[in-house]
Amino acid sequence: MRADLLAAAQEAQASAAENVAMEAPVTETTAVQVQTGPGVASSTSGQNEASGSPPVNEPSDPDPASQQVQIWTGSLSEGVRQVTMLVTNSKPGRTDVSTDQLKLYQESARAFFWWLEFDAVVRPSFRDVHHLDQVMNLVRNSTNLGIPADIKEAANAVRLRFEEDNWGQGDEGYASDVSTDVDAGQSRIVSPRSPGRASSGGNRAVGVSVIPQPPVNHPIYGKGGIMHSVVCYRSPKKGLTYKLNPAYKHEKANAAFIGEGHLTPGDWWPFQLVALFHGAHGRSQGGIFGSASMGVYSIVISGRNNKYHEIDKDDGEVLYYSTDNMGVATTSVGTQALNKSIDTRQPVRVLRGQGQTGGGWAPECGIRYDGLYRVIGKKLVPTRNGEEWFRYTLRREASQRDLREIVGSSPTLQQRNDYLRIRDAYPGVARGVCG
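The opening position of the sequence shown corresponds to residue 0 in numbering that gives the first Met the number 0, with each subsequent residue numbered one higher.
If you are wondering where the hints come from, they were derived from the structure by calculation, not from laboratory data. Please note that a few of the clues may not be correct.
List of simulated lysine-lysine pairs, DSS-like, C-alpha gap at most 27 angstroms [what the hints assert, rightly or not]:
id : residue 1 : residue 2
1  : LYS377    : LYS312
2  : LYS312    : LYS339
3  : LYS378    : LYS339
4  : LYS339    : LYS377
5  : LYS312    : LYS378
Using the sequences provided together with the hints, build the complete structure.
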């Protein structure tokens, strides 16, 4: 990000602070909870997380006849610029920026922060090159700038998530966005900019594309459908791309809890993004969700893009799960979380995804919750290229639903049939692209 933009935003914040005695800061919240009984928690930035209860003010379902969805399809640097411009131009007394233009900056910021919280794979460059930490602090600590509270809360939620992930230090990760191509049956890496027409200015928010809402009664994407909570758009070159629907953010469950909570072994979802929405796993990409202080909440086992395939092993009741080589293990949050789980002996949720190699325990499509396991040990295992990787042993807890029964019944025939209909999308998407 350009230094002059950041400096201007910092100056605007400082100037506005002089005009107000004191404004209550954004409440510091934690994304961590320990949950051993049933209950669904709100998103990481919401309240009532300790009790696992939903937010107090829940908006009604969106009306697909009157609403469309704004999603971020711009680049990371463009998002940083738009948020910085919002802070800079929200200074009281500014007469050279119209109210309509400020609203466009706000729309860009909302879509950008939503993408950062639920779609982006954090990397050290977010902080070290793009100074995203400074930008988020400018928003969440702004005083008397007129920045809406929900944008401040969104910035705080992103900050919490990225700090928990140690800004991606030590985690190689994937690209910043993942599109699942149902026709090909595999995930493909795409750039943060979508194939749709992201607005470049004028009377449209920069970096934002508008796509139609799924009908509420749609059998696949509507309420009760397997893809509820997801919107999609199609590109002639990229195929279908999926995003979490911000219109249903009040329904999103928090996955940062220890134990089973509201889940039942055998629960199934078509994509990891949907499992995130339902609070089974806390990341739309990546196999380990947890923290260095609390341990692992959940892991996903999948054969897709599995760089550990030569040393991982799935025996059903016992898993051998690899993470990092010795060079990055000290900074990788995933490895630190697994080490913590060895110490605490707290149970870990295990989800299996399609494409898993060996054992025959994976679902034929989608992703499935298979119960609680405990991390009981680790060892260094050599690979063919001469590196040594940490491999962890997880053992399934007793007195749970039989794993063979789960494999034989989940996904159901109806779920498998519905999965095949995902590629058909919904009205307004099947033949068009976002714009």
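Against the structure, the hints come out as follows:
At roughly 13 angstroms between alpha-carbon atoms, LYS377 and LYS312 fall within 27 angstroms of each other, so this suggested pair holds. Pair hint LYS312 plus LYS339 holds up; C-alpha atoms about 22 angstroms apart against a cutoff of 27 angstroms. Between LYS378 and LYS339 the alpha-carbon distance is near 15 angstroms, which keeps this suggested pair within the 27 angstroms criterion. Taking the CA atoms of LYS339 and LYS377, the gap is near 12 angstroms; set against the 27 angstroms cutoff, the hint holds.
Only pairs whose Cα atoms come within 27 angstroms are accepted, and LYS312 paired with LYS378 is accepted, the gap being roughly 14 angstroms.
Comparing the model with each earlier hint shows no violations; every hint is respected.
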